[in-house]
Structure formats: structure tokens, C-alpha cells
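Q: Here's the letter readout for the chains.
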Amino acid sequence: MAAVTPLLLLLLLSSAPSFSSGSRNAYNINGRVKIPQGLGLGTKGYALPGRMSNVKVLLNGGQNITFLRPDGYFSFHNIPAGTHLIEVSAIGYFFSPVRVDVSARTPGKVQAALTENRKGLSELVLEPLREEQYYEIREPFSIMSLLKSPMGLMVGFMLAVAFLMPKLVENMDLEEMRRAQEEMRSQGVPSLSSLLPGGAMN
Amino acid sequence: MAIRSFLILFILFFFSSLNPILSLYEDQVGLVDWHQQYLGKVKQAVFHTHKTGRKRVVVSTEENVVASLDLRQGEIFWRHVLGSNDVIDGIDIALGKYVITLSSGGSILRAWNLPDGQMVWESSLRGPKHSKSLFLVRTNLKIEKDNIVIIFSNGRLNAVSCMDGEVLWEKDFEGESLKVQQVIQPPGSNLIYVVGFASSSLFEMYQINALNGELLKHESAAFSGGFLGEVSPVFSETVVALDSTGLILLTISFQNGKISFHQMPISNLVKDSFGPAKIIPSSVTGIFAIKMNAVTIVIRVKDESKLEVVEKTNHETSISDALSISEGQQAFALVQHASHEIHLRVKLAHNWDDNLLKESVKMDQHRGLVHKVYINNYIRTDKSYGFRALIVMEDHSLLLLQQGEIVWSREDGLASIIDVTTSELPVERDGVSVAKVEHNLFEWLKGHMLKLKGTLMLASPQDIAAIQSMRLKNSEKSKMTRDHNGFRKLLIVLTRAGKLFALHTGDGHIVWSHLLQSLQKSKVCQHPIGLNLYKWQVPHHHAMDENPSVLVIGKCGPSSDAPGALSFVDTYTGKELSSLSLVHSVAQVIPLPYTDSTEQCLHLLIDADKHAHLYPKTPEAISIFEREFSNIYWYSVEDDNGIIKGHALRGKCTGEVADEVCFETRELWSIVFPSESEKIIAAVTRKLNEVVHTQAKVIADQEVMYKYISRNLLFVATVALKGSVEIGSVTPEESWLVAYLIDTVTGRILHQVTHHGSQGPVHAVFSENWVVYHYFNLKAHRYEMSVIEIYDQSRADNKDVWKLVLGKHNLTSPISLYSRPDVITKSQSYFFTHSVKAIAVTSTTKGITSKQLLIGTIGDQVLALDKRFLDPRRTVNPTQAEKEEGIIPLIDSLPIIPQSYVTHALRVEGLRGIITVPAKLESTTLVFAHGVDLFFTQLAPSRTYDSLTDDFNYALLLITIVALLAAIFVTWTLSERKELQENWR
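These protein sequences, in sequence, are chains A and B. All residue numbers for the first sequence refer to this note's numbering, where the first residue is 1 and numbers rise by one. All residue numbers for the second sequence refer to this note's numbering, where the first residue is 1 and numbers rise by one.
The shape of chain B in the complex, shown without the other chains:
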């Protein structure tokens, strides 16, 4: 008895030493996790290189990021991610110390301190009407040391002080149909010209005093031909426009308030001209460009009205803005693309024939075309001008060119990830391993000595730093082969630019990248959009020699009936194996759980006309598919109409589409939500590849509950129509939220619960037999999380052991979804402090390890929350038996433990998604969070019970063994001596 109680004490003591929460020491940062910061595709760049000190470039991007970069290395000095609806319209640098950003459709103006990114002031601009906004900063107009910025937005011209953001004057342009095209400020004068079109054929010009906003002149003139598109300013009092047919160039001059038009048909300039042209606006004096189909034509304007073609090219061309290099001299850059090279030319605005600089730079084909170019000058040691060019490529990457070389590059396409999947690395074989053989023996010994010193607490601070860097640089983790624990994998990510990247999970480096042909702009496909990534071929047993591949699905254009495009990419080499342009559209993709003999996964693509198409298009795949024909069901959610439909296959396609792999479908059921009262805002189902270890759950007092586990459960949340708007504009009485659990084969609603006084947005995650969802409770004005667990009642009588032994149970009876399921649900709700951007759940290979919820909070952090906190069986006072089972006493809100932030002190700015992948080791799961930043880590929700942790103390183990051996010898001699004495007695 005594021994037993001692053992219990021992076990209790042992377990109490295990910390129940997941936590990290500060020196473990970077051991298994990595964090990468990106910006997104650059929209605008402004250099700051005049002053001594650090040379910077300030950029604004399509991800609403404003950032200051080091011009030498491309590192981020500071960065701010604005809200998702706070789109940046323009940036500039004022007073040499403030970065000014205009955002939210020209209504918010902010100034940031250039050295550290601290916001200095913010002002709100409003205007009488919504319109396209323009932005203009001036540095030459001074009012007592202060500069003013002129902003035209929403039909109002504002002059704002750069010091404090105060609006100095404002002037409304209320003309009914006036569309302001340009705001021009001639250098060295106090005038502002506002030019625009009114009622399609009227040209309007306003002359305004920049110091006080006084209207000096207003002229308008009609042009019978009408206008098309944008205007390009060529001189301070001349603009160029196109007539409404796009065939005639108009030079509009408004010198001294007199408007005069000058027409020039494009066919007179270019002999073989075809089709309407488009003006590419540029700020270079005297030069503008037009584009006809794929031909770019650069035109020079000579004294008011004479036009002259200076260049005509088939290559993709981009022109930079003007850069004034000295008094009255303007330079600009021209970048042209020619297969493997790009040609950069820098010219003076008034001298087309000479180049200030001409360079060719070899460019990786997988960066695509040059989209934008920005130039900046520096003075060389021999007092001549040197130029550096910042270019934005088609794959959203950012490069700095100087002296014919790429100084640095940033893969900013990774800021806009659309979809993620994983792939295994090759198995380690002779000649496969990429990592180099470890350093020599001496280094190895030195490393181990250092480690020993560290564990024996003898290390000096320098030694500790050396140990730390050694741990971080561990070559094991970035090896290019599979490891025993399954920690090393490839993350395959598809970005919005249509580029596929493979990232190594060990340290996040890019293994390969590939710009997909199928997602490139082409004649047939004008606006390709990447949609999804699927595993196409996952070789494991009999196709071991094949490389795994992924399927990339895209479509041409945003409409629902746009034709689809497929690409198949080898994940080891990054080569595009093949690409297909489909004749049908892609509305839905269903990965089927069947593979053919080469282990290609079968996929069913549903088009907008509800035909199903099977891929791969092989006879073998068709025969496999036909065997399973009657077992294939799927559902579709039409959130606009509030309808959920269930579908099944009917037979081969008939009619004009005589395709072997085309199948007709039929509608099985539909659930129509009343459109006036309910709107679908979330529909979540289980992950297809989720593994459930056990169906039974043993609860306190030896009872068994059977989880209702079905792959065909769908969680749907609807809100009252009024509640579908933002928080803050509805009262609790007029909003409610309904959560449904629907069986997607039969369309039966298994469970339904209404939360009165609640509203969206709803974020939900479905796993095993439970669903957790996050919503806003208007009555308490707090966020809430609810859990619903669903149990199978029909098997509840199987708890008798004798029945199991005698075989009188119904566990082996076939389960059909058509028989009415006898289920019970349990649910509970808790308050949760933060807004949520994404929710995911950890997943492990066998599903034995307990689960954690990964909650992406509004602060762009990822919080791990044990599922035990969301257990509907929690009560305020759990019984002794329940406590032993691990039920936590109920409190009204979920705890936020700072140590359980998996992102620790980092932020995953602009967080959009969290992906979990099981490692081979059961206790561990890999977590990848993406947004503007990327973050990856390994998690062990129940600690690593199946392997020794990284900080396992080997020295202590050795010492213990030695101590035990010594003790054995000592006691042995002692006992021998004693025995001898005994014998003598």
C-alpha cells in the first residue's frame, strides 16, 4: 500500500513538472520557426538619397503597405500595413523628413516620420462627390519654411500643410459631369492648372492661385470628336489626349487661358497603324507613349503641335517618371524586354537621340516582364551622373539595378499567396543528398565541447552566442532530403502573380520558383486568375521513382463562365510538365479519394453548366471512376441566392460535347434560405485528409460516447440581412445568427441553433465531430466562440462489454447516411477577447494527439488554444471524476495566455490563412501562417511525448549513468566487506 501511494505521488510529481501550456524560451526563437517579411507588388516608389546618411526608397504596394527600404540591401527599415479597405492612392516625401500617404480613395492623408516610421499627423479630407483621386506634392512652394501638398480628391482641391496636416484652403469642383484628368503645377510659378472633361466633348481648364486657392481663370472649349481615356501632360500648358475613336491624337494647349486643339490622325504618324490606341501617361516633358495592341510607340512633341515618332517597338516597354537631375534637365528611363535580357536606357527629356546610360541585364525568365521602373541618380567619383533603377517585375518581385547588375532582389510576390499545399522531399539515397558533408572533425569536436560547456553552465557569453548561432545554422534542418520525423517538406505556394514557389520548411528558403505559362497573359486569356493548388501525384509505394507533382487550377477572367486553365508542375524540379487550356469553365473542383496505377489523384471539375469533367483523361481513370460512380456526391453553396444544393452524377454527357470524361449531373436536394431574413456568411466542412484516431470517447464513470464522424457534414452560418453589415450599425434586436449542421448527401439538417442578438463575421473550423465558430455578440458587445459536438446515439447501447464480447453489438452494421441518424449535440459558448482573422486546427498523422485551435487574431498573431477549453461538458464545479478526466472548470471567457502565442513576439502582418500539416512524428504538427508576412513553426499540442526534445540534457544523463555505476561499485565493495565481517563473526 505504501509503495502504491509512493508511486502515485511520484507520478503526480512527474506530471506536475510538465507544463500544460505550450511555451518557448527566448533563446529557442528561430530554432524551428522562421518568419519572412514582404511588401506586395510595388505601386509607387520614391527615393530619398539627397541627404547624407542612409539612402532609402519608400514604396507603397498593392497590399496596402507603406515601407521604407534600405537602398543598399533592400532590407526593410520600417513598414506599416494599412487596413484592407484603406488602399494607398499615392505617396511622396515632403520636407525631406516626412513620408506622406494618401489613402482610402483620397480621403485620408497621413505623414510618417522618415527615419523611424512613426506617424506624425493624420488628416481627413472630404469632398462633395466621389471621384478618381489625384495626388501631387510640391516642394518648391514655400510658406514660411512649410511646404504645401496639393491634393485633388473627391471633387475637391485641397492644399495641406506638410508640417501638421492642416488644410490651408480648399476649392470644390462641383460641375455635374466634370471629370478632372490632371492637376498640373508648372515649376517655379504659383499657379495650378486643373484640366478635365465635361459631358464627353467639353474640355475644361481652371487656373488657380496655389497660395490661396483663388480661381483665376476658367475656360472651356468643345471638341466635337469627344475624348477617350486619360490625358498625358507634355508641357506645363499642353496636354495630349485621344479622341473617342482612339484613332486621332489631340494636342490641347491652354497657354494664356486660350484653349486650342490640334488634331493628328495616328495613321499619319505610323504607317501600318491598326486599331484604337491607348495613352500611357508619363510625366516626362515633351514625350508620351501610346500603345496599339502589342506595339508601343513613343512620340515626341515639338513646339506645341508638331508630333514626331521617335520609337516604335514590339517589345514590352515601360517608361519611368521624369527625374530632374539639374536645373532644367530631366532624365527618364526606358526599359525594354528582349527574351533573356532587359535593356535599360536613360535619356534626357529634350535629347532623345543620346543615351545617358545604356545597359543590358540578364534576367531570369521566371520573373516575367518589367511592369514598372523608377530611377534615381547619384554622382560618381568622376562627377558624372550614375543611375540606379528600381524595377517591378510581372511576378511582383522588386529589383535594384545598378551598373548593369542586379544589386538586390526581393520576392514580394510571396506577400499575396492564394493557395498552399505541401510536398515530400526526395528520399535520401546515394547522390540524392544536396547538403554538403559536415565540417571537419576538429570543428565537430569543438562544437560538442561548446555544447558540453553550455550544459554544465560554464560557458561565457561569447560561447553562448556561438552555441546559439550553431543551433540556428544547423545544416540538418535545411537538407534537401526527407527526414525521419517528417519535419522537412516543401511548401508549394501559388501567388496572385501566377508564380509557383517551393519553400523549404526548415529555414524558408526558396527551392525553386516557376512563372506558370497557363496563368500568363496571352491573346486567348487576357486576365488569368490562379484559383487552387491540388496534389496531383503523390508517389509512395509502387511509383516510387516518379516525382510528385501538383495541379494548378486557374481561369481566364473573373466571370463564372470563363474557361479554365490547368498546369501540372513537378515539385522536385519545379518544371511545368504540361499545361492545358480548357474549353469549359471551372466552378468547383472535387479531389476524389481514388488514384490510378501511377498514383495520379482523380479530380472532378464541375463547370458553370453543371457538367462534371474527370481528370486525368485516361481510360484507366474512367474505369476507376465508373466503379465508384454511384458513391460520388458533392454540394454547392450559392451565397448570393441563399441556396445550398446537393448533387450526384447521372451519366455520360450527351449532345455537342462528346467527351469521354464529361458527365451529366443531377440535383439531389436543395435548401433555400429565405432571402429576406437569412444570408449565408460561412460554410465550412471537414478537411478531406483529416485522420480520426478513435470514434469512441470514454468519459467519466466509464461511460462511452460515440462521435458522429462523417465526411459529409457541412457547417453553415446565416445572419439576418441587417446583421450582414459591419459592427456598429445594427441593434441586438434586429440581428440574429443561425448555425446549421447539414448532411451533404441527403440534405438533412441535423442540428440548428439560433444566437439572438449576434452577427457576423463568422469564422469557423470543423474537425472530427465538432465545430467551433467565432462571431460577435451584440448584447454583450463582445466576441463569442461556440462549440458544437455531435454524437451518435444509435450506438450508445454498445457500452456493455458483454455485448461486445458476445458479438451482439451493431458496430459492424453498415452505416448509411440515408437511414435517419440518431444524433445528439452538445454545445457551449464562451467570450473571446479579440477579433479573429482566421481559425485552424492542428492535425497530426494518426489523430491521437489532442487538438489545439490556432486563432489568427486581429493583431496578426496566432494564438494556440487547447480544445479542452472548448468542451461542452465543462461545468462550473466539475466532479472529482470529471476533474481526473481533465475537464476544466467553466468560466465565461476563454483564457489568453501570452506564452501560447505560437508567433511569440512576431506579427504575421496582413494575416490571411493558417495551414496545418501533420509531420511523421505523431506528436508534432507543422503550422504555416501567411499574409503579407510568412511564418512557419512546429507545434506539439501535447508536448513531444514521442521524442526527446531539443534541449534534452544529455550531460545530465551521462552524469547519472556514471553516478549509478559508481554507486553500484561502492555498494558492492561495502556489501562484500560486510559479508566478510559476517563470516568472521
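Chain A extracted, bound-state conformation:
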């Protein structure tokens, strides 16, 4: 079904030497774009038929542009022999460009390969390599994300200092503790801030 078929009429005529160079070796490239239905993530607002009608197939960087028929088939007409590049532009899908060899020696045979992963194709059926998600997914509300935010970290750090530091101070040597307290008293600093230098001494 998918084949590079030279036009019969032109093939017969191509032996005539006087044929104009523009339309000698003119071939048709026929292929099919297949977007698996199951691939969809169920994204809202995207109906598959609407997507299909906006798919473009481009030959050699936009030299020829064609569109898909309802069944996904496409064709390029009057293409000279050579090695061509077919690209598929479809919003929401990533397609690899395909190199297609059209030659007069092997009419009707497809020589196509994906350029991204060098995979050969036995017939010109193009499928997306992956789906493209253009938007970040908003994470649902969670305690972790709240704690991870700078604000959460600030609160966490403060709580750690306020409740864990005194615990550390408690485990200190009684001797040391008294010395520290005396030091503090001699300095006469407010009792709240005195906790911090105590922490720093660790």
C-alpha cells in the first residue's frame, strides 16, 4: 500500500531523449501517518480528528507540503529521483524525520529510514516516536511541597533551633552548663538570644 511508484506513463516515455528535464524521472511518494489511538494521555481539549486535520507532511524542508487524508494517507507528486527527507509536523507528537530513497533502478520499492535512530522502515508508515507535553503538570497540593518551599524551610529551621537546640544544651555537662550560664549572666544578654551562642558552641 505504501510504495514509491513511478507514473506508468512517464516511465514509458522516459526512454525518449527529448523529454524535458523538469518532468523526467518524476515519481510519487505515497505513505501513511499513523497516530496510535492508545497513545493519547487523555488530555482534555484534544479530539483526535481535529488533530489529524492539522497534520502537515513536509518534503525536503518545506519544498513540498501536503496534508493527510482522513485515513492518514498522504502522497507527494512529481518528485525527482534522489534521497529525500520527509518530516511530519503534528502538534502534540514528536516524529522523526525520514530519509526516503527514490531511484529509477528499484521502482516500487521503499527505502526509508528514520534519521533519529537509523531504524529502517519496510513500508512508509510514519508513527510518532513520542507524545509531546508542552505544559508542566501542576503538582497537587502536598505537605512536602509546602515544606520544600523556602518559607517551609525557614519555619523548619526555626523550629529546629527552638526545640532541638535546648535539648542539646540539656545533654551538656553540668559543669559546662553552669559555666556557660555564668558567662551569660555576666554578659547580661536577654535569655532568648542566649540560646543561640549555646548552639554555636557545639
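Just so you know, these hints were derived from the structure itself, not from any lab. Positions of the beta carbon are idealized from the N, C-alpha and C atoms, including for glycine. Take the hints with a grain of salt, since some may be wrong.
[As the list claims (entries may be wrong)] Stretch by stretch, here's where chain B covers chain A in the computed footprint (C-beta under 8 Å, at least three residues):
1) 78 to 91
2) 120 to 127
3) 154 to 168
The hints should help you fit chain B onto chain A, whose structure is shown.
A: Coordinates of chain B only, in the frame set by chain A:
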């Protein structure tokens, strides 16, 4: 030590939470970006209003767009942009459900489903020779429920089935010099007439059976006077033509296969006739029009050969095609332009004297003349006929008139933008602000309550929708004054129609539009072409009260020595301050980096004879210019001859052009590429206004590299002559691509690299000290992107700190381009998946923010790619030090991350250019992409590090502060209690 490691951990944790790629949530769409869809100038329109349901009009445009529009509002139902060389020749509606388009010089026929725009079938038509194509669709000829379309193209007549596009029969017209002029199908018969001229004085007529293509009759007759131009069919078996002098009207009738000529000198019809006439073809039975100079004459044909002038007018007139309203009755519309109004008349074809409809519509002067008119009828409630008219104006806009009013209008001129520049908005002062004062207090409170609910995740779906619409409608962003961050600006765009638009960057609305006088068709200037837009006056410090203005440069006609035309337009009001018709041509424009006391920028215009002309023509400008006389250099690229030349000024003009502001130039150097092996396909230089923050680049292990930054670097790409054709027709052995870096002052080639087995097209972007270019690698059969970075080696020994401290460095030594630069280059290549239409780079005010490449892909999307991916210092296994510096391990291809498409799920159909403008906020850059569609967004390549983002969680900040305060009080009381206990102990 423990604290230090804790801090490092903390910082790492903090940074890992920042996503390195630019991304967008779905609910942020439309907050800072906007997208507008256009069509281009309408070439043909077909109405579809017969059936019940949605009334539509299908149009084809000069931008190769075929689209279906809602007739009520002018909205697009569906739209397809065909390839740039797939020009649409004709459209029609067949079977009431398919839109049929003929394109590519009559060789591709496609059918689209009318409701949703899905392509149904496509067929390729070919013919024996290349010729002008005609198109004809018939709905009255039926073969088993199927309609056939008759297409004449490339010397062959085809009958195609509307159901599946199958060619039913074909007939070649191989006559050596036969030029087919018309294909006529008389209504209600199975005949087709093909009429044309052969060998300038022979009239040929073929009669063909429409059902099977059988040739029934072939007649020809000679007319000694010869023929000129087109023919207009007046009856099904009569056409009107002009003789070769354009002075005699010929009525040619071929009834029953007998050709007869009837001559009528125009001077007999019109007394004061002058000069040769031109036929304006129309499809109205019995009526045609001719045009002599500016006079339009409508002529009625009575029984075969009697001609009668029914109207003669000086006003611009357009005539619509015939519309059959009932059995045997044809109506047509006539639109005439009279200063501020247009007069629309609808008449019956056989009854000139009565009007079915006569309306006058006030028309904005800045829409220009009416170029085309299409009519459609509807039945009023009182069973009489009503008419609506779709008109295409000179500025390419599309309007629907009904009952003497403009129902809707579309600014489709914006689909063909030639050049873009920006302008600042006025500073906010008393009385300057245009936006209305915010809504009342209650609304304000309600809004904030909703927002709070949203952040606390308490909002219902309706609330979320309300919040979303509130965010989108934020009145701040479309205010008409300058903002602190520099996000609000005016985009000034010049369209192909010669109209200047100012678009607001906030929401894309049109602030003003102006049809430029200098780019209007006039007696002296027959084919004006807009070329460029430049900033003319950018007032900032001492000329604050002046309004900024732009300079529009155009020329009359496509030839290189056509005289130029200048316009100066105020960007606040959109008024044309002045316009000039130049005596010299404009080959090149050089904006000079000097301004005069009123902050007008000096511009040097180079004409085709290599004279330089300075603007503005004031003595002050001349004195500034003469001071800098010896510092002005420029280059020119002649891609046809493969020559790049460097120029400088020599002295004042001598000879007949005794103009104060005219200067002679001299050629400094030239580089000639061998024409048999190399062809210039790209020449790119740095943007003139680009800011570079630092010359030095600190690399791993504390080394410093100095960027070679020069405004005079030019990147040129040449390909082998065979490689300059399309992909697919060359083998890797016979094609190569050479990239050059050329100093444009001295003409020295600083760097040269050959890519064997590669070919164009080349798209390149030059910024700071690097150039990135995109080309096709034939060996791998993939696209490739290469980067070249250029570093200054002469300053490489300045890395010693002691030298800097003791002043023994050469950083302050003068840099001259005449001294041989000691540069080194680094380069690397990567595969890139897509074809590319345009490449740009982000630009910021100070140039501190890292850069992103903006790549317009073949799918009409814009991809942002971090410059770090194109760093020649990437290696497969970067060392620890290099990793810390941010070097990404090398892989063979560049990544395409879907979230970094700046156009997200949208397409900028027919993408042509990407423009970046720095905002005042260093982290942010404004991006405008234009093609058939327009797209605008703000980008922050390294995220907005200098301001809080829009989704900053204020509620969380408040909660944190409250929590911290509460904790302070709690710990305070706790500690006091503890102290008390301590004291009691």
C-alpha cells in the same frame, strides 16, 4: 565544619528545586503571551449560505492560506497554510460539502471537508506545457450524483470528479502558440467552449462535449489588428477583446461555430478618450469594464454587437462577479470610492438603470481603496433580497458590509509583516494614563478573597475559572503607559500593503494604524515597496517632551535604481510627520550610532551609484558626521556575483549632485568567491544594539579566556554551486559548505571552516563572540547545527592577578582592527532534528543573563534552546571542575524538550521572523514571532531571578511570618518560665 556542610546541602537543595528548563503551566497560557491568527490579502472568496446551519465564507489569500470564516463574526473555523511555492490559483465549493482548491500553477487539486477542514482527496494534474491556468467548477452537470470540475491548466483540459478527485477525461491543447484565454460553459448545456489566441492574430475556438471530452468543433479566424491582453466573456457565445493598439474594442461572437468580429473604436464610445485601454474581466452577462488611465468605463453589450457606455467615472471602481439570485437573473455589485465614503450598488445584470441596493458606508481613510468585492444574497423577512458584500481593501483588510454598516473587519495586512521595531510608551504622568481607574473597593476585595481562596486550595471550579479570567484580563498589562519592568512597549510593524501598525505588547491590540502616503501608488511611484523600519528619534534625557518617531524606508519599484521614499511617523499618535520622495535610490541603510541634540539618529543611505546620503539633512548632523568621518566603515554583499566589499567615505560629492549631505565613497577591500565553486547563501552579523556584559569568561581551574568582541565581524556561508539547489538532488560528494568569519573593516578572513558533504539552506545567528548556524548534512542525511566561538589570544597572558594589580596588563592598550588580531576559535557540531525557518537569540538590557537560542522550526513552533547546549567546550566526560562550571556532557544531538517550546501548543503559521527585545528587567526578554500568525511572549532564560514570579505564594509568606511570630512568643514565654524556675532553684 558541620555547619558548612549543612549550608552546602541547603544551597544544593534550594537550587535543585529550581527547574533548569523554561516551562509553563497550562493555566498560565495567555498571561504574558498572545497569539493572533490572520489570513493575508484575500484573492478569492466563495460564500456558503444556502443550507441551514452556520453561514460561512471560504477564502484563499496571497499568503497561500485557504480558510473558512464565520460570516457572522469573521472568526476562523479552520485554516490551512499551504507551502510557500504552492500558490492557490482558484477555489470553489462543490457538492455543497467540499472546498476545492487548485494550486501550484494548476497542478495540484485538493478537496477539503467544508465543516472541519479535513483534506478529503488530492490529485495531481499535469499537462504538456506550462501556461496560465484557469479554473472552473460546475454544479449543474451531474453524472450519478457526482459533479465534475473542469480545469484548464498547463495546456490540458481536465474533468475531475468531485467525489474522489479522479480525472474522468482529459484533452490536450498542444497548438504551438495557442494561449487559452477563457473556458466558458454555457449554463444548462453539455458544451464547453475553449477560446484563445494563437500567433497574435488568430482567434481559436474549440467546442467540447463536457461529458466525455470529445472535440465537437474547432474553428479559427484571423484578425489583422492582433489582440491585446485578456478577454471578457459577455455572453455564453460572445467575448470582448481589445486589438493590439488598445484603441479598438472587438466583439467576437462564435455562435453556431461561426466566428465573427465586430470592431468599435473606443473614441466612438467615449468622446474624450485618451491612450490605450485595459479590459477588466468580469463574469457578469452583457457587461464589462475598461480602464483608461484613471477612468473606469462600464460598457453594456446589447444584442451581439451594439455597445453602449453606461457609466464613466474617475473614482476607483471595483465590480464583483455575477451572483445568480433566481432563475435567469444575475446580480452584481459595484463599489466606488469617494473620499471618506464608499458607495455600494447592487444591480441586476440586464437592468442597469435600477439599483437593487444602494448604500454608502463611512470608511476609515487608512484602509485605502477598495480592491475587491464579493457579494452574497439572503432573503429578508419580507421575502425581498438582501445583500451582503465582502470587500478587500488596499491595506489587505477584509470587511463585511450589510445594511450600510460594517459588520466585522479583519486586519489581515498583519499576515505579511516586512519589518518590526519597538517604541517605548509615554511615561505615566497626570493626564497621560489612558487606562481607567480600577473598579470599586468591593470588587477589589472580592478579587483578593478569591485569590486567597485559590492559594489556600479552597476554591471551587467556578472560582478557579473566575480567578483565571481575572488574571487574563488584568488591566495593568494593557495600560498605555510605560511600566517599571519595561514589559509594556509598542511593536511598530510595517506590512506589505504599506501600512504601519502599532501593537501593544500587553495584549496585542492595535493602538493605531496608518496607511503611509509615501508607500501609496501614485503617478510618480507606480509600484511602491516598503523596505525597512528604523528608530528615528528615541528621546530619553534632554528631549523628554518630544514623541519618539520611526523612519520608514521604501522604494518605487523592484529595480535596484528605483528612487527611494522616506516617511517619518510619530509612534505615540501614529501621525505621519513628514514624507520625502528621494531623487536617489536606496541600496543600503546604515544607522549610525550618533544622535543630534534633538536625539534624532543619524542614518546613512547608500544608493545604487555608491554615493552616501546623510539624514537628517541638518547642519548639526553634518558637523557630527564630519567629526566621525574617518571612523565609518560598512560592507556590501553581492550574492549574485559572489563578492563582498568593504567601503569607507572619501569626501563630498562633486559634479551635478551638489548636495550638502551627499558623500563619495571608496572601496577598501573585496573578497571574490570563485563563482564556479562557491555561492554566498547567508551573511549574518551581530545586532547593532546588542549589549555584552563581560569580555572575560572564567573557565574551570580559574583560567580566563577573553572573548573577541567586535561589531565588525561578519559570518558568511557559501555552498558549492550544485549544493545550492534543494535537498534530494545532490550527492554528498558534490556538495560542501564553507563558513567564514570576516572582519568587515579590513576584509581579513579570521576563520574558515569547510563542512564536506553539507548543503544549505543556512540559517545563522551571531551574538557576542559566537555564531551558531544550521545546515543540512548530506552524509548523515540529518540537519546539523554548529557553533563557532572566537577568543582573543593577545590578552590571554592577562590572567595573572599581580600583573593586573601592578598595571602591567595590556587591557587599556588601544585596540585597532588594523593590527593583526591574534584569535583562536573553538567549534563543535551537533545533530538537530528539525528543519529551521528562522533563528534568533534572546537579548537582555545588560547582557548578564545567559542566552537562549530561539529556533523557529518547520512545524511553525518556536523552540528555546539553552546556549549551554552549543558550547564547544562540551566533552563526553567533563571533569569535576567543568561540571561545576555547568558544562553538559556531550551527546551527538541537541535535545528537544517539549516544555521549552515558547509557543507551547500553538503554531505561528507561516513563520518568517523572530525578534527579541530586552525588557528593562535584566532577566526578561520580549519575543515576537511573526508569519501569517503573530505570537508574543516574555521569556526569562535563567528564570526571573530579579523579581518575584507571578505565581509567588503571598499567602504562604504571610503564614510563615505569623508562624514565626507565634513561635517567638511561645519560646519567649517558655524561656521566661524556665528562667524563673532556674531562679527558684
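Q: Give me the numbers of the hints this structure contradicts, sorted from smallest to largest.
A: Number 2 - this is the single hint that the structure violates.
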